[in-house]
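Trainee: Starting from the known structure of chain A, arrange chain B on it as the hints suggest.
There are 2 protein chains.
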Amino acid sequence: MATLRVPDAVPPPSEDCERLKEAFKGWGTDEKAIIWVLGHRNASQRKKIRETYQQLYKESLIDQLQSELSGDFGKAMILWTYDPPERDARLANEALKSRKKSITQLQIIVEIACANTPHHLMAVRQAYCSLFDCSLEEDIVSNVPLPVRKNFQFNCSLDIAQVLLGLVSSYRYDKELVDMNVANEEAAKLHDAIEKKRLDHGDVVWILSTRNIFQLKATFECYQQKYENNIYQDINSCGSDILVSVLRIVIWCIDSPEKHFAEVIRASIVGFGTDEDSLTRAIIARAEIDMMKIRAEYLNANKTSLDDAVIGDTSGYYLDFLMTLLGARM
Amino acid sequence: MATLRVPDAVPPPSEDCERLKEAFKGWGTDEKAIIWVLGHRNASQRKKIRETYQQLYKESLIDQLQSELSGDFGKAMILWTYDPPERDARLANEALKSRKKSITQLQIIVEIACANTPHHLMAVRQAYCSLFDCSLEEDIVSNVPLPVRKNFQFNCSLDIAQVLLGLVSSYRYDKELVDMNVANEEAAKLHDAIEKKRLDHGDVVWILSTRNIFQLKATFECYQQKYENNIYQDINSCGSDILVSVLRIVIWCIDSPEKHFAEVIRASIVGFGTDEDSLTRAIIARAEIDMMKIRAEYLNANKTSLDDAVIGDTSGYYLDFLMTLLGARM
Numbered sequence: 003m004a005t006l007r008v009p010d011a012v013p014p015p016s017e018d019c020e021r022l023k024e025a026f027k028g029w030g031t032d033e034k035a036i037i038w039v040l041g042h043r044n045a046s047q048r049k050k051i052r053e054t055y056q057q058l059y060k061e062s063l064i065d066q067l068q069s070e071l072s073g074d075f076g077k078a079m080i081l082w083t084y085d086p087p088e089r090d091a092r093l094a095n096e097a098l099k100s101r102k103k104s105i106t107q108l109q110i111i112v113e114i115a116c117a118n119t120p121h122h123l124m125a126v127r128q129a130y131c132s133l134f135d136c137s138l139e140e141d142i143v144s145n146v147p148l149p150v151r152k153n154f155q156f157n158c159s160l161d162i163a164q165v166l167l168g169l170v171s172s173y174r175y176d177k178e179l180v181d182m183n184v185a186n187e188e189a190a191k192l193h194d195a196i197e198k199k200r201l202d203h204g205d206v207v208w209i210l211s212t213r214n215i216f217q218l219k220a221t222f223e224c225y226q227q228k229y230e231n232n233i234y235q236d237i238n239s240c241g242s243d244i245l246v247s248v249l250r251i252v253i254w255c256i257d258s259p260e261k262h263f264a265e266v267i268r269a270s271i272v273g274f275g276t277d278e279d280s281l282t283r284a285i286i287a288r289a290e291i292d293m294m295k296i297r298a299e300y301l302n303a304n305k306t307s308l309d310d311a312v313i314g315d316t317s318g319y320y321l322d323f324l325m326t327l328l329g330a331r332m
Numbered sequence: 003m004a005t006l007r008v009p010d011a012v013p014p015p016s017e018d019c020e021r022l023k024e025a026f027k028g029w030g031t032d033e034k035a036i037i038w039v040l041g042h043r044n045a046s047q048r049k050k051i052r053e054t055y056q057q058l059y060k061e062s063l064i065d066q067l068q069s070e071l072s073g074d075f076g077k078a079m080i081l082w083t084y085d086p087p088e089r090d091a092r093l094a095n096e097a098l099k100s101r102k103k104s105i106t107q108l109q110i111i112v113e114i115a116c117a118n119t120p121h122h123l124m125a126v127r128q129a130y131c132s133l134f135d136c137s138l139e140e141d142i143v144s145n146v147p148l149p150v151r152k153n154f155q156f157n158c159s160l161d162i163a164q165v166l167l168g169l170v171s172s173y174r175y176d177k178e179l180v181d182m183n184v185a186n187e188e189a190a191k192l193h194d195a196i197e198k199k200r201l202d203h204g205d206v207v208w209i210l211s212t213r214n215i216f217q218l219k220a221t222f223e224c225y226q227q228k229y230e231n232n233i234y235q236d237i238n239s240c241g242s243d244i245l246v247s248v249l250r251i252v253i254w255c256i257d258s259p260e261k262h263f264a265e266v267i268r269a270s271i272v273g274f275g276t277d278e279d280s281l282t283r284a285i286i287a288r289a290e291i292d293m294m295k296i297r298a299e300y301l302n303a304n305k306t307s308l309d310d311a312v313i314g315d316t317s318g319y320y321l322d323f324l325m326t327l328l329g330a331r332m
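First to last, the protein sequences are chains A and B. Counting with the working numbering, you get residues 3 to 332 for the letters of the first sequence. Counting with the working numbering, you get residues 3 to 332 for the letters of the second sequence.
So here's chain A without its partners, still in its complex pose (with noise of 0.2 Å):
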């Protein structure tokens, strides 16, 4: 389900180090050798890549990147080469402390925390922990609610922050358990508080950030059998508040992230210019994960290829390493 194309035969951690050495060299950098070794190589494999320069050559792999690249390339190349769970980290201090305030700030702490695995969002909270000197926590309640932008209003009781604290404090159990009474109950519960339009009900939030996400799931599939439409849909039509637009990021997160990011793509190339940091962001993120679902998704939404979208709005560099991720260039 991943695009991210690893050769059958990994070279030794040794000889990527020596070949990303040779591509510093000098005052060019040769941009396709880097892209060559680190965009064929899953996390693992980078990790090892960066402690083995890091004895070799007595310096951070990623310092170096950084010195030798830049604009949107460089960004990505970098993302990319740090550890899954550090980028989360950095993504989301960087998305608490921008001083842009969207829907899409907070739709990256959801994406963290709903779209991945419990493992992974533990992670991320270690990493965020040892790298800002302060729990993602502490930072989610001083930087949110955010001073948002005058195209959307504020007018729901339950503090946004509370959401988020609720979604990044979880640990769900992460094996495949469904109870249908369960499902039964919370379809009903949150129905009602939909019809209600209440969201900000306690229970809404409990039963998101808690529950499983094969429990959810089938929480879902009985709403939509015991009451016609999909939650997905319901949860629209409870008007446009920010909480409204929050809960229908979790919903999708959790429900096919598939469809998430694909959206997330799509909304980041539709119009003019181009939301590379969404881009990045999507493609980077999920490229070793179901990068080959959102590719159908795409298609199947859009009537158009995920490729030829992206190569319609980009170039270089950050093309060709796009492209590589998404396992269209070996």
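Derived by calculation from the structure, the hints in this document are not laboratory data. Among these hints, one or two may not hold up.
One side only, chain A facing chain B, incomplete, derived with CB under 7 Å [what the hints assert, rightly or not]: (1) R127; (2) D135; (3) Y173; (4) Y175; (5) T276; (6) E278; (7) S280.
Yeah, the Cβ is synthetic: ideal placement off N, Cα and C, and Gly gets one too.
Mentor: Using the frame of chain A, we list chain B on its own:
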């Protein structure tokens, strides 16, 4: 600060396993040998012994102990032999599922959440999911508020479950970093809540469950300087409902776990009969952490030695084992 005494030259795990296997042989059991081996090994050494035992004899050491030992001694030895996160996950589960519903059950959860490192708490949550097929948070919500005993009046509006959820979900920053402005500000928030007898204010739970331990100690100190009483005494004056009791335990576990556990041991021994479960839990949980400080605190508070108190209230192998963990026997 630990009282556990590990010999300078620890035998290899295989040798320890042979001794244990020998102790299980035949009709009787050589309890003294079991105490001799396991009572002088730290958590990582016990882990290696468990693993080696499984490899050598194709059976679980814990199962073996369960079939050979009984009573308070057996319970204590088995708890001691588990990996600490697994032990605490089992204690938490037993507390939540217990038919006895008293403050002790809530206290066990608070101790695990507040008197341990953030890393240990995370490991307990992981172990809980693996062992019981649901998360600790789910079990808290389905089992708390406990139908409380008559002598407790449940008159607080904030759900006790919410407090426990906040505490177990936290992943506190674990280094010594204190912001005196935050300490001042949050001491005032806590004082305000106490003065208005609004301990159920969201801020109280958030501060106590999220801030790092050093920050909280500074906040409590600020509180004392500003308002002359200490926060523990002031909370006491808020009445006698369960929320007050729980928050008192929270503050003690954070501010001076040695005082808390000295009191747990005192309460388990005082009066007719002994609460062996609490006595065992306190000694086993802290023998490797801060039992030296607990002993000093016990002597200071009760004018008798902790060792004498344990000797007066227990007997047989159970006594031998506790005294071994207290460092009084080699």
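Trainee: Would you mind marking each hint as holding or not holding in the structure?
Mentor: Verification of the hints:
no.: 1; hint: R127; in the structure: 5 Å, holds
no.: 2; hint: D135; in the structure: 6 Å, holds
no.: 3; hint: Y173; in the structure: 5 Å, holds
no.: 4; hint: Y175; in the structure: 5 Å, holds
no.: 5; hint: T276; in the structure: 36 Å, violated
no.: 6; hint: E278; in the structure: 32 Å, violated
no.: 7; hint: S280; in the structure: 27 Å, violated
When the structure is compared with the earlier hints, violations turn up for hints 5, 6, 7 and for no others.
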